[in-house]
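Line by line, the protein sequences are chains G, V, E and Z.
Per full-length UniProt numbering, the very first residue in the first sequence carries number 1; after that it's consecutive.
Per full-length UniProt numbering, the very first residue in the second sequence carries number 1; after that it's consecutive.
Per full-length UniProt numbering, the very first residue in the third sequence carries number 1; after that it's consecutive.
Per full-length UniProt numbering, the very first residue in the fourth sequence carries number 1; after that it's consecutive.
Honestly, the hints are just simulated from the structure, not real lab data.
Keep in mind that the hints are not guaranteed to be accurate.
[As the list claims (entries may be wrong)] Computed list of lysine to any residue pairs in SDA-like fashion (alpha-carbon distance at most 20 Å, straight line):
{"#": "1", "chain 1": "V", "residue 1": "K185", "chain 2": "Z", "residue 2": "K185"}
{"#": "2", "chain 1": "V", "residue 1": "K190", "chain 2": "G", "residue 2": "G278"}
{"#": "3", "chain 1": "Z", "residue 1": "K204", "chain 2": "E", "residue 2": "R301"}
{"#": "4", "chain 1": "Z", "residue 1": "K269", "chain 2": "G", "residue 2": "G51"}
{"#": "5", "chain 1": "V", "residue 1": "K227", "chain 2": "V", "residue 2": "T105"}
4 protein chains.
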Amino acid sequence: MKKAAIIGGTGYGAIELIRLLQSHKEIEITKIISQSQAGEELSATYPHLNGIITKEMEALNTEELEKEIDILFLAAPAGVAKNIIPSFQDTSVQCIDLSGDFRLTSEEYKEWYGKEPASADVLEKAVFGLSDIFTEEIKSASIISNPGCFPTAALSALIPLIDGNKIQTEGIRIDAKTGISGAGKGLSEKAHFSSANENVVPYKIGQHQHIPEIERYASQFADNDVKVSFTTHLIPMTRGLLCTIYADLKSQETTASILDYLQEYYQEKSFVRILPEGHFPATKGVTGSNYCDIGAYVDERTNSIVIASAIDNLVKGAAGQAIHNANLMNGWDETMGLEFIPVFP
Amino acid sequence: MKKAAIIGGTGYGAIELIRLLQSHKEIEITKIISQSQAGEELSATYPHLNGIITKEMEALNTEELEKEIDILFLAAPAGVAKNIIPSFQDTSVQCIDLSGDFRLTSEEYKEWYGKEPASADVLEKAVFGLSDIFTEEIKSASIISNPGCFPTAALSALIPLIDGNKIQTEGIRIDAKTGISGAGKGLSEKAHFSSANENVVPYKIGQHQHIPEIERYASQFADNDVKVSFTTHLIPMTRGLLCTIYADLKSQETTASILDYLQEYYQEKSFVRILPEGHFPATKGVTGSNYCDIGAYVDERTNSIVIASAIDNLVKGAAGQAIHNANLMNGWDETMGLEFIPVFP
Amino acid sequence: MKKAAIIGGTGYGAIELIRLLQSHKEIEITKIISQSQAGEELSATYPHLNGIITKEMEALNTEELEKEIDILFLAAPAGVAKNIIPSFQDTSVQCIDLSGDFRLTSEEYKEWYGKEPASADVLEKAVFGLSDIFTEEIKSASIISNPGCFPTAALSALIPLIDGNKIQTEGIRIDAKTGISGAGKGLSEKAHFSSANENVVPYKIGQHQHIPEIERYASQFADNDVKVSFTTHLIPMTRGLLCTIYADLKSQETTASILDYLQEYYQEKSFVRILPEGHFPATKGVTGSNYCDIGAYVDERTNSIVIASAIDNLVKGAAGQAIHNANLMNGWDETMGLEFIPVFP
Amino acid sequence: MKKAAIIGGTGYGAIELIRLLQSHKEIEITKIISQSQAGEELSATYPHLNGIITKEMEALNTEELEKEIDILFLAAPAGVAKNIIPSFQDTSVQCIDLSGDFRLTSEEYKEWYGKEPASADVLEKAVFGLSDIFTEEIKSASIISNPGCFPTAALSALIPLIDGNKIQTEGIRIDAKTGISGAGKGLSEKAHFSSANENVVPYKIGQHQHIPEIERYASQFADNDVKVSFTTHLIPMTRGLLCTIYADLKSQETTASILDYLQEYYQEKSFVRILPEGHFPATKGVTGSNYCDIGAYVDERTNSIVIASAIDNLVKGAAGQAIHNANLMNGWDETMGLEFIPVFP
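Start from the sequences and build out the full structure, keeping to the hints where you can.
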């Protein structure tokens with residue numbers, strides 16, 4: 001068993017890591033780290049863990065961690081991991097960061113996060129952990145920059161189409177819908193039940209920090225810089241994230257030809273499911289699981305394509321993909337600890 | 001007081017007409033017509049009307065209706081109104097049809113609804129009741145074809161931009177989200193609570209009968225035939241409908257210049273609210289009311305625009321707009337009986 | 001038209017008063033008072049009021065208010081009204097307080113609210129505004145203590161049974177379920193969407209400040225002091241409140257005999273609806289309206305009764321009842337401005 | 001590995017068995033049986049199983065089953081199992097029935113289910129599978145009658161109090177709240193999203209078929225026949241079930257003394273969690289898991305007790321408890337395959 005620590009113990013990302021790792025055969029959580037709640041039991045904040053996780057949370061002690069653990073999951077807000085991971089870069093500890101600290105170039109990070117970027121040498125080592133696309137790079141990485149929830153869903157649908165030269169890389173529109181857990185554990189007006197329930201509302205149009213993340217990694221498969229129009233919406237549900245993506249086709253395709261292509265593109269991947277013609281992904285079809293479901297429709301009237309991808313934002317969009325990456329880094333079966341059937345209904 | 005009858009008494013459209021007309025100063029409902037439930041009280045189906053609406057539903061008797069009523073609201077499924085309205089065309093009865101029977105050309109109707117179209121002469125007389133756009137035509141109409149819920153939201157945002165030559169009419173994408181009441185009163189798997197709750201799913205991509213309706217009326221303001229890519233999503237809430245629309249700009253605009261333009265376009269309309277820069281419409285901001293809220297964002301990075309419009313699908317998207325049209329046809333204040341403040345929270 | 005001011009302008013109670021008074025024929029709101037947000041427009045906090053309520057909120061100026069208004073609605077948290085109402089006691093201003101400040105005896109208030117009580121002379125003048133029970137007293141009152149949401153539902157069901165000597169006054173159990181708006185506008189963990197959604201949880205068992213309120217007014221109809229066991233639950237919906245009440249019968253009754261009795265008890269009241277045998281109240285059947293729906297079942301197996309009452313917590317449980325009381329105090333039709341049909345679906 | 005078949009393949013109970021058994025180390029599902037959909041893939045009905053369960057459903061063939069399987073889970077509606085289980089009574093196949101067919105005496109079954117009861121000899125062999133109470137009996141049973149969802153939650157809270165002589169067995173009131181999945185997969189008005197959402201409503205007051213089930217097994221721990229008043233409510237959420245139970249105490253107790261007693265009563269049980277004083281169970285705290293959380297409050301004002309228990313109706317209230325029973329029958333660790341941490345948020 002490899003020993004793992006989780007930093008950012010009281011956020012939703014950490015809680016989901018704990019839930020999923022419970023049944024992992026090769027990883028055991030030996031430390032849960034929270035600066036603000038060190039000394040407390042996690043069940044004081046999360047009563048559902050009563051009697052299950054009885055470990056006290058600890059303050060961060062880098063030197064101790066280095067010696068005692070094999071894998072470090074960082075599930076803290078942006079701006080934390082970039083100050084911690086450098087201490088581990090010359091150790092054998094595998095670092096998997098769920099924040100945005102290592103996803104962008106230094107310039108982009110400064111612009112979109114408004115913070116000082118990570119040091120260039122560490123940034124360079126970080127591999128973007130989009131498990132089903134950068135599989136090989138991840139296998140040999142020591143630092144993983146786990147993708148954001150929206151980029152995971154958007155890029156899983158977009159990259160194959162760009163890579164296969166199927167779509168125009170100009171004029172791509174991504175309409176994203178996310179459950180409220182995407183706004184995290186912190187209280188806010190937009191996550192207040194009486195405001196969020198029975199409501200759909202766009203937010204951060206054109207200004208979401210996941211825009212440069214999507215563009216950066218999509219561009220790696222294109223001949224030019226890809227720019228996307230990206231709009232997020234809050235949906236009155238807890239979990240789930242759907243991206244509906246609109247693009248112009250480069251050549252004549254049918255729904256069937258696109259689905260065949262996608263099926264082949266992902267045929268060796270365990271967690272991407274290409275739906276049959278006439279079916280579209282539902283977030284409820286992946287709840288609690290690590291699947292990314294993708295459906296497509298070629299609109300011959302307008303020679304354009306609509307492609308939709310659904311994930312559980314806390315699993316495939318965060319903790320599940322982090323574990324998937326840990327599996328790849330350690331040469332284990334990629335599905336280890338992630339064999340959950342979606343919770344339905 | 002003018003006397004009104006409602007056909008299709010047990011659907012959500014009829015129920016909402018009844019709710020809204022309760023406080024209308026110039027219209028009283030004298031007959032509620034339901035073929036399938038004639039003789040029953042409405043409260044047997046809708047207990048919330050207990051003690052409020054005690055009238056029994058009646059079977060349709062055209063001759064009697066002609067003599068007794070002034071306004072006929074038809075809130076039956078597609079295929080019913082086209083067989084009823086012709087009997088009233090030479091009378092003084094004002095007909096307002098909430099179904100799709102008079103919205104399309106005969107050819108389009110056959111193709112998208114798969115039914116025989118209304119007779120050509122009656123079809124010709126019908127005016128498309130998009131109240132805030134076709135205001136003048138509605139004032140002198142005797143037959144109103146009340147718009148669909150999606151076209152109401154989509155066209156309210158699109159027509160000003162096309163009319164003012166602001167956007168390219170190619171490559172328009174409409175991403176629509178609707179509450180489950182849009183699926184009506186009939187039981188179905190997609191409207192089953194355990195399936196619909198905690199779920200977002202696209203449906204009828206590229207095949208929704210509201211597509212030709214949007215295209216037909218948008219085209220009237222363009223130099224060419226407008227084609228749109230239109231995708232609808234079911235959202236786990238009861239009421240509310242949001243369209244997020246993506247288009248390319250024709251010339252350089254800013255968010256402020258577009259909002260100013262829209263503000264001016266709608267300045268004399270009571271029910272369209274253009275939101276200030278940085279704000280986007282929330283369906284909860286219009287629940288239970290006849291407002292259509294519109295917000296816009298010009299993405300200078302991609303020279304494109306995102307415009308979003310929110311309505312209550314059962315009010316502005318159906319019964320409220322029907323009453324708005326009745327007000328216009330009769331020369332009353334357009335807000336009569338529709339002065340409801342949105343129900344919040 | 002009488003002029004009204006609302007104190008506590010940014011809470012849900014005030015917002016609902018504004019919504020409902022919009023269509024009242026005899027009351028116009030001339031001032032909205034908020035100490036914390038004086039000078040701001042209400043729509044800055046509540047965008048759904050954009051273009052509808054454009055009045056700026058003002059700071060409290062008692063002397064000015066005395067001269068300018070006829071009716072004062074106080075919708076502030078507990079502890080505010082008791083310091084304001086005394087200034088108005090020698091004026092002709094009618095005061096209607098929606099907080100708990102005047103509902104209990106001084107001793108009870110100290111014990112359950114942990115604050116200094118209102119001065120005894122003002123407290124004495126306040127009439128408990130349970131509109132359908134204390135109708136006559138309300139008509140001649142100058143200060144109304146508007147009931148809490150739970151007491152409104154609970155007492156509307158209980159008082160007739162106690163008054164008619166139908167039930168044992170020992171062993172009464174009240175199981176209450178409320179939508180999350182009952183927790184108010186303030187952010188809290190229990191009202192955080194991701195915590196509250198898909199969840200039912202009891203809270204404040206045996207410790208809710210509405211317990212002494214229920215007991216005090218129920219006791220007025222009994223020969224002894226009534227004690228109740230009262231448990232509240234948060235339900236994942238925005239509006240609505242249901243009380244399910246369990247009691248032992250004093251003599252032999254059937255469901256029909258109890259329903260007949262209740263029907264007669266409330267026969268002259270506009271807003272209490274006694275449901276027919278076999279039907280039980282649904283919160284959705286009263287949403288947005290001032291109705292209180294009551295159903296009952298006599299369990300002959302255990303010689304006990306189950307009686308359930310449903311209200312909209314923000315209407316009948318707060319703002320609607322306050323307006324009902326204003327109507328009674330002014331000799332207007334009790335339904336004035338409250339003729340709303342429930343919003344369904 | 002033992003081989004299992006599931007009868008009633010397309011109901012929620014069967015689907016949950018499939019989800020949970022996926023990770024069970026000693027049970028593999030070799031047959032899924034559905035009379036109505038034999039020959040179809042389960043994913044045609046449940047797209048979330050796409051690519052996971054690819055087995056075709058089969059028609060029932062009793063003789064074949066006898067030879068091929070070790071454990072038979074019956075998850076069909078009432079009236080099916082009683083005709084199937086007799087064929088297996090002389091075989092080594094362990095039968096676990098999730099329906100009501102074997103829970104009541106013949107007389108009770110006739111009265112409450114309105115059907116012919118199971119044959120007396122088979123009925124006699126069936127052991128009531130309330131895992132944490134009848135643990136020893138279950139270990140040596142060959143036919144298990146798995147409890148209903150409400151009785152599971154209600155009896156888990158009640159039996160210890162009756163068994164320990166803590167409460168009066170007269171005047172017990174059980175107020176139950178269930179998520180809509182409790183109404184099953186079948187379409188119905190009460191499970192229609194637009195009707196069920198934003199709604200709480202009592203149903204089947206005094207007439208639910210779980211009443212005699214609760215009374216029968218509670219009575220086994222009492223000196224007399226226990227009668228309960230039992231009311232169920234539909235809550236707008238998918239999963240989760242909460243029972244709030246009211247009873248009079250027999251002697252003086254404090255909240256602490258009751259909680260200590262319960263803690264001790266269940267100390268060797270893995271899936272019952274007694275919450276600390278001041279905490280009450282939330283359905284969200286057990287979602288997706290096999291836990292039953294119990295909290296209590298002694299109201300010294302009325303010498304009564306409020307005890308609340310929360311379960312996931314589809315896990316502990318159905319499939320999870322069935323697997324728990326299979327574990328007990330086979331001498332495996334009782335938590336095998338059920339080690340899921342609740343899904344939160």
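Evaluated hints:
At roughly 18 Å between alpha-carbon atoms, V:K185 and Z:K185 fall within 20 Å of each other, so this suggested pair holds. Between V:K190 and G:G278, the direct Cα distance comes to roughly 15 Å. Compliance with the 20 Å bound is thereby established for this hinted pair. Between Z:K204 and E:R301 the CA atoms are separated by roughly 15 Å; this keeps the pair inside 20 Å, and the hint holds. Note on Z:K269 and G:G51: the hinted pairing holds, with a Cα-Cα distance of about 12 Å set against a maximum of 20 Å.
With a C-alpha separation of about 16 Å, the suggested pairing of V:K227 with V:T105 holds against the 20 Å cut-off.
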